[in-house]
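Asks: Protein chains in written order, with the working numbering: chain A, 1 to 481; chain B, 1 to 632.
Treat the hints with care, since some could be wrong.
No more than 25 Å apart at the CA atoms, straight line, and that leaves these computed lysine-lysine pairs for BS3-like [to be verified]: (1) B:K63 - A:K148; (2) B:K14 - A:K210; (3) A:K148 - A:K241.
Here are some of the chain A residues that sit facing chain B, going by a computed Cβ distance under 8 Å [claimed, not checked]: (4) V160; (5) Y179; (6) L182; (7) V379; (8) I404; (9) L405; (10) N409; (11) V412; (12) T420; (13) M438; (14) L445; (15) H461; (16) Q475; (17) Y481.
Okay, the calculated bits of chain B under chain A, using three or more residues with CB under 8 Å as the criterion [unchecked claim]: (18) 40-49; (19) 61-69; (20) 93-106; (21) 109-120; (22) 138-148.
Since the hints were derived computationally from the structure, they do not count as laboratory data. C-beta: ideal position from N, C-alpha, C; glycine also.
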Amino acid sequence: MQKITNEMILALAPNSTAAVNGSKISKKGGFIRLEQTADDTFFLGECKGSGKSNYITTADFIDVNQPVFRCSCPSRQFPCKHSLGLLYEMMEGKKFELSDIPEDIIQKRAKKEDRTKKAQETLNSDGKEKKTAAKKVNQAALAKKLRKQLEGLELITKMVSELLNMGLGAMGGSALNTYRQLSKQLGDYYLPGPQKLINSLILTMEKYQKDGEVTHYEDSVDVLKRLNTLVKKSRQYLNNKLESKEVLQDDNLLFEELGGIWKLAELANLGLSKENVRLIQLSFWVEYDDASKEYIDNGYWVDVDTGEVNYTKNYRPLKALKYIKQEDTIFMALQVPNICYYPGEGNQRIRWEGMTMEEVTSADLQKIRNAAVLLAPAVKAAKNTLKNTLSNPMYITLIQFSEILRCGNEMVVMDSSNKTILLGDRKDLEPTIYRLSMLPDSSLLKNHVLLGAFYYDQDTHRIRIQPLSIITPEQIVRLLY
Amino acid sequence: MELTPLYELRERLKFGAIAGTSLIGEDFRLTRAMDTLAPIEAGSPIIGKLLQAVRVILSSDCKDKGAALMDALSLCDAILTTQGLVDVSGEMEPIKQNYTGSTIINIPYSVLNPLQDALENSGAGRYTYIIDMHNEHPEYFQDYRMKNILVKALGAGYYELAMKAEEWLSAEGETIIPLLKHNFEPKGKKEMVRRIHVLEAVAKGKENDFYLSLLNTAAGEVKAAAIYALRHEQSNSELLIELTKTQKGAAAKMANWALAGFENQKALTYFETLAHKKPEHAAEYLTASNTEEAGNLVADMLSSMLDTWIEKKEEMPDSFRDQFQKLLYALTGKSGSAVCNFYKRAASYKTSLDKIEIGKKGCLSLQRMPGTYRHYSFSKIMPVILLHSIVIHPSEDLIALAAELFECYGQKYAAPYLMSELLTKDSKTAYEHAKPILKNSFSILGKIKGDKEVREMITLVLENVFWDNEEKCQTMQLCYYDFVHEKTYFFMRKLAEPMHLGWYKSMESCEAYEELLLKMIQPDNKEVRDFLLTYYKKIADKKADNYHYAAALKDLGFLDFEGMIFEYCEKRKSINLCELQNFVELIPLSNEKKAAELEQFLKKYEDNKTKLRYSDGILRIVDELKVNTVGI
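All chains, full assembly: derive it from the sequences and hints.
Replies: Okay, here's the thing in structure tokens:
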């Protein structure tokens, strides 16, 4: 029998309600027939439902990293509650009768295998996609798109120039309407990235008009700085591409900053991938971005073998909220066959398809702890990342600490070389510092490893760390989620 | 590197963005900041680059001053970030843990965040969500991240939620104290008041110093709560007496309430003086005390008022009645010789005083008394007060008094007597003693005639008897009014032994007690259960409305429910769909069988070609039953 855990089911479920409903079906004895193949790759359940005939639910583990669930119910959720119920039956160790694989499943498996073969045939030995005639990109269309983007950037430059000439103080009422229209216009220029920044600027100024808080000016200046740098660098980048006639996608960070969306195959083609990675999530949170009207699920993961801390982002626009699954805290280790990295500095965004879950072992925790560094090199790396206007405003890494202490009203991290740094709560993140004094055991504040988010605090002109998790030899203590 | 000039330059550039680049050339502070940095320009190429970038903004040739300003700001910020301060100086000390009673639980975001959100914010449905979560996963509430959130929930706008948080935190024990005192705002509002309540619950007088410290800093309701918390230490008597004089409003009241609970001479002398000066106030505050001294004081005041009443023999004004009522409230729960003598004296007047009217309404009200909102004449109110007193404080003298008054005045004092028997005697003896009263009363009740007053008295006893499932015993339950916090709560007193079968048999003949008997089911007494099973089966077969009796039958372990849903529908002239849904849920049959009975009912009407107004609703219930085919 395949080993199934509750956490695995929760990770597969489209939402927590589906998992609860699946569990209820299993508990109430909803399955009247359970079957499996002798090779332990295929499981079938016949489940009572609201329809006249029973639903036939299957779970195909021919690829354990990407099990396939099928159900005859009309639900649009995937996997549906019946599929999850079947997993609960497996988890509970219910008795499955031995049977043969149904004919339709054999055919579906064959089709899938064909698709995989075809996909592999298009790849070189190094995993990159072959340049075939069928895949030939329309370079003229791409060049046209780049020119359109350049036009849009000119529009933004003009707007920023006019705005700064008048000053942010004059950005009220009718002026805001003009910027709102401009933001809409940018949709025609393939520039969702700068469009989001302009929306963010408008929102900040709207907030200022409501409450008169001068801190909103600081936020506006930050957005304008980022916008200015993005426009300037992008203009140069796009012009270079047009001049060199190398219009194809490359690994430049600006592609994503301008709003481009990477496909996993494209990242793999650029060599931004790695095989057999063991990942452990160290922190998770969800934020809402009002400018792009979407929820973003952020997960920070450590590569157990290298100690690198990278992140996943799952965007859930409000318009499509019910169709996109919210990601969640994962307490298990993930064994990922192939992971892709986004271009960038510092913490890199990562993505994968297919994985298996395993228990976090003490060896994993030891490896994570071994990867932690002292404050001095961590601060150096953080400063190098944070100084770039287009970089993520925080740099997250693992730090060895000898003690977390109080200094007046502040809290301080001290490492074994007696270097110190102040802790702080970033304004965009839920506060975590107060939770240090809530921990059940004060020994957690001595000689462990801290997952910390470095950031520059403009008010005090200091580099600070927001504590996110503490890694001990026994466990990961999450200060956030 | 001295960074102050850089900070100043950054500030000026930011103001340039706010005021507009058209005016930036006129900013003399910007020029001054540049001048300060100029001397290091040569030695530091990056500063040179920055100053050059600023000069571009100021030059008249610059075509896009906005972009130049943002370039300069970006560079300035990059320098400031790389120069960002890191090392910390100052005295360092270990972090004091605010709370050590928790554990670390792996709770995923999808659970912890909504729970946190429900506790911290407002919105419909959150209370049920929290309660359900607490019932299903109490361990989540032990996570270290939840404790602080629970403390914040003490300030929730939703009263029930705040009270739940208070209840849960009060069960934490003394480990929660540092967290309650952490960030305490003496001038705060409800959250701080409830923090004091939790402190009182877990530490009582051990936190007396903390309460005292709040006297100088706290304000409003927090101060009043701190003063009331001083009642846990007898040594606070003098201070509290002082506070009754120096404080006003709620704070002064709380000092009085706190003093009322004390058993010392200082407090007694204070209330004796108050009884002379402001008897109505003394009467109110003394409700909080069950000491013999307080009882003596209240009894003396009542005797004195009774003297005036008898002497005048005419209608007494409203103010007299109000004060008299307050003293009667205060008498509840008190015992002692003076109190017993007052009961005896009051009983000796029998109904003679009922003829003299008090105030406009002509009778006494127990509106704020535990468990009742009724109006009584003087002769009726005294047995009721004695009954409640026995439940609240079953002292030997009150028990003996109940027996004595019953012997002297008969049925009028049947209720306190029956109550005292149930609380003190074994099951059989209590029944044997009650038998003559019950026989007499129920034969009257069965015919719905006779002494209504006796029926009322017996009902007063029986209507408050409940089965306590947690303690597995029968209890007397009174709804008690807390004058201090101005809220009601339930007061429970365990019966000496569960009631004898004889009580049930005596009540069988009276229809009025059908529903009352439902509350008196003893799940682990087979004799009583079998008797009631036969009793309710008879009723359910006879009556159209078998909704309540079905629940009783289920509780009593009845198994043969087949056909009951069909009967329920058929016997009724009109069907309340909501009630039907509840009834269907209640019946312990498989959902398939339930659906079949409803379909059978619908089919009957179809065959008769009669249109049912609520057939669509019944069909919906049938559909739902089919969706969850497994059933209850």
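Asks: Give a verdict on every hint.
Replies: Hints versus structure:
1. B:K63 - A:K148: With a Cα-Cα distance of about 24 Å, the restraint between K63 of chain B and K148 of chain A holds, given a limit of 25 Å.
2. B:K14 - A:K210: 21 Å, holds
3. A:K148 - A:K241: 13 Å, holds
4. V160: Check passed: Cβ of V160 of chain A comes within 5 Å of chain B, closer than 8 Å.
5. Y179: 14 Å, violated
6. L182: Result: violated, 15 Å to nearest chain B Cβ.
7. V379: 5 Å, holds
8. I404: Since the shortest Cβ distance to chain B is 6 Å, the answer is holds.
9. L405: Given a least distance of 4 Å, the restraint on L405 of chain A holds.
10. N409: 11 Å, violated
11. V412: 5 Å, holds
12. T420: 4 Å, holds
13. M438: 5 Å, holds
14. L445: 6 Å, holds
15. H461: At about 6 Å, which falls below the 8 Å cut-off, the nearest Cβ of chain B leaves the hint on H461 of chain A intact, so it holds.
16. Q475: 7 Å, holds
17. Y481: 4 Å, holds
18. 40-49: violated (count 0)
19. 61-69: holds (count 5)
20. 93-106: holds (count 13)
21. 109-120: Three-residue rule met by the segment 109-120 of chain B, so holds; n is 5.
22. 138-148: holds (count 4)
The structure fails to meet hints 5, 6, 10 and 18 from the earlier list, while all remaining hints are met.
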